[in-house]
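Read top to bottom, the protein sequences are chains A and B.
In terms of this note's numbering, the first sequence opens at residue 791 and continues consecutively.
In terms of this note's numbering, the second sequence opens at residue 791 and continues consecutively.
Derived by calculation from the structure, the hints in this document are not laboratory data.
One or more of the hints may lead you astray.
Identical chains blur together in the list; that is why a pair holds if it fits in one copy or across any two.
[Said to hold, decoys possible] 30 Å max Cα-Cα, derived DSS-like pairs, lysine-lysine:
| id | residue 1 | residue 2 |
| --- | --- | --- |
| 1 | 1069 | 1042 |
| 2 | 833 | 1017 |
| 3 | 949 | 1042 |
| 4 | 802 | 833 |
Protein chains: 2
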Amino acid sequence: MKLIKTKGQIRKIIRAERQKLKKVGLVPTMGYLHEGHLSLIRKASRENDCVVVSIFVNPTQFGEGEDYDTYPRDLTRDMEQCEKAGADIVFAPEVDEMYAAGSAAFVDMGGGLTDTLCGASRPGHFRGVMTVVTKLFNIVRPDRAYFGQKDAQQVAVIKRMARDLDFDIQIVEAPIVREKDGLAMSSRNTYLLPEERQAALVISRTLFWARQAIMDGEKNAVLIKEKITEKISSEQLACIDYAEVVDANTLKPLKEVRGSVLMAVAVKIGRTRLIDNIKLEV
Amino acid sequence: MKLIKTKGQIRKIIRAERQKLKKVGLVPTMGYLHEGHLSLIRKASRENDCVVVSIFVNPTQFGEGEDYDTYPRDLTRDMEQCEKAGADIVFAPEVDEMYAAGSAAFVDMGGGLTDTLCGASRPGHFRGVMTVVTKLFNIVRPDRAYFGQKDAQQVAVIKRMARDLDFDIQIVEAPIVREKDGLAMSSRNTYLLPEERQAALVISRTLFWARQAIMDGEKNAVLIKEKITEKISSEQLACIDYAEVVDANTLKPLKEVRGSVLMAVAVKIGRTRLIDNIKLEV
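Pulled out of the complex, with its shape left as it was, chain A reads as follows (with noise of 0.2 Å):
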């Protein structure tokens, strides 16, 4: 495995990889890899020949007062992960040589995918990820690119984005994966004191009962999104964001249980703002 922090190197190599015909496949992280990334990496090495890892803290997608200089680092631990998991190629770039002085340029949406659930709390920062991430898609050239399902809406942004912009890539999701007690797996668990850690649960636990009374028959998204920021704001360490019932695809708020259906929360527990989702096809 090769550890590349310049994209004049990573060009060089991928245009070699693609003149044997070999099938790239890009998994854009963030670093402070958890088993969630590694089933990606894990997932691209058996559908590519070649398999690039990102990982970047991208300070175009944090806003004023989040956690960008926070934001958990670990490249050399990061590396035996990727190296496991099946990576041929680390890609990590300093900001400087991501971002040329004076950049300007950006890639953003209309419509309403961008300025609901994360976004509607974190403005500009889809602005942030779409532009990050054309950056690594014309950089890498991939083939298929990995999200997390665990960033429902930036699967859907990035899903759109590529079609609208005509990016020949195939974007892949994964499932959420999550520790043995449910809690979604994310680099900011790290943030959690052993108290707040117990009280996160009730994220997961609330989704899994929500999905439970969908399985059981409730069609009623508004009484199901009521019964979830009930449910959550129960524990006294939690303070919900958002907690919605939209279409998966266009994330637009359901009345009705139906479809593509995915019940989405962020929840900031003390100081850590975690998310959390259950797709379903109803």
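Given the structure of chain A, go ahead and fit chain B onto it with the hints provided.
For chain B alone, kept in the frame of chain A given last:
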């Protein structure tokens, strides 16, 4: 020469060319080709193995009340011209092939490059340009893309966009081609009534005067701007949209004539908006 109307088809052909390690040049146009376009196609033909000319009157770069509906179109004539100039493929998609229903992603730019000159009088214009050029870049994946210096701001914006978003594409610019009497070639010249055609000469005549003044040693950029404005305004049929003396890279107004100097004007002659410019290294 082939005429291609769908993204799928052109991708297939380009992929095959690429596997033969051929260099691909793209000349993006809105059709109704004149000698300016043809000079780009010929240049592309000399420098690449496979030349794609795109012909697409892009609705998203026209503002409310602009000439999208009346913009001249003649695919049959354009095809003949492309063939003669050495194009291999003409890519001429319909609007609904180019933009999927519900298209929402776009490319835009902060900073000063797009809010001055044509960007100031045509809000949203460069967003439309950048978005469609990104799409064409992603569809054709050229090694080089060719743009005319007549749209000087467009060249500056596309160069910056290509750099900022890491398109691995060389942006090649080529000089303005003029009629014998000096008028810069433009598909919009076809709108001009005979009297207006004559009046339009004030634009190039004035720019030539300004170039001479600089070559004669004039250093005061503000004075040159004033003189340009005065001279063009002396023509009764001319109404100035802007007349600026700016740095050719940053497009910021200059006080002193120094470095890469761009003298750029937009002038309405009757109902037709014409642009022209001269770039000088001082």
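Here is how each hint holds up against the structure:
In the homo-oligomer, the alpha carbons of residue 1069 and residue 1042 lie at most 30 Å apart inside one protomer (14 Å), although the nearest pairing across protomers, at 50 Å, exceeds that limit. In this assembly of identical chains, residue 833 and residue 1017 lie within 30 Å of each other by CA distance neither inside one copy nor across copies; the values are 35 Å within and 66 Å between. In this assembly of identical chains, residue 949 and residue 1042 lie within 30 Å of each other by CA distance solely inside one copy; the values are 16 Å within and 37 Å between copies. Taking the shortest Cα distances, residue 802 and residue 833 sit within 30 Å of each other both inside one copy (25 Å) and across copies (27 Å).
The earlier numbered hint that this structure contradicts is number 2, and it is the only one.
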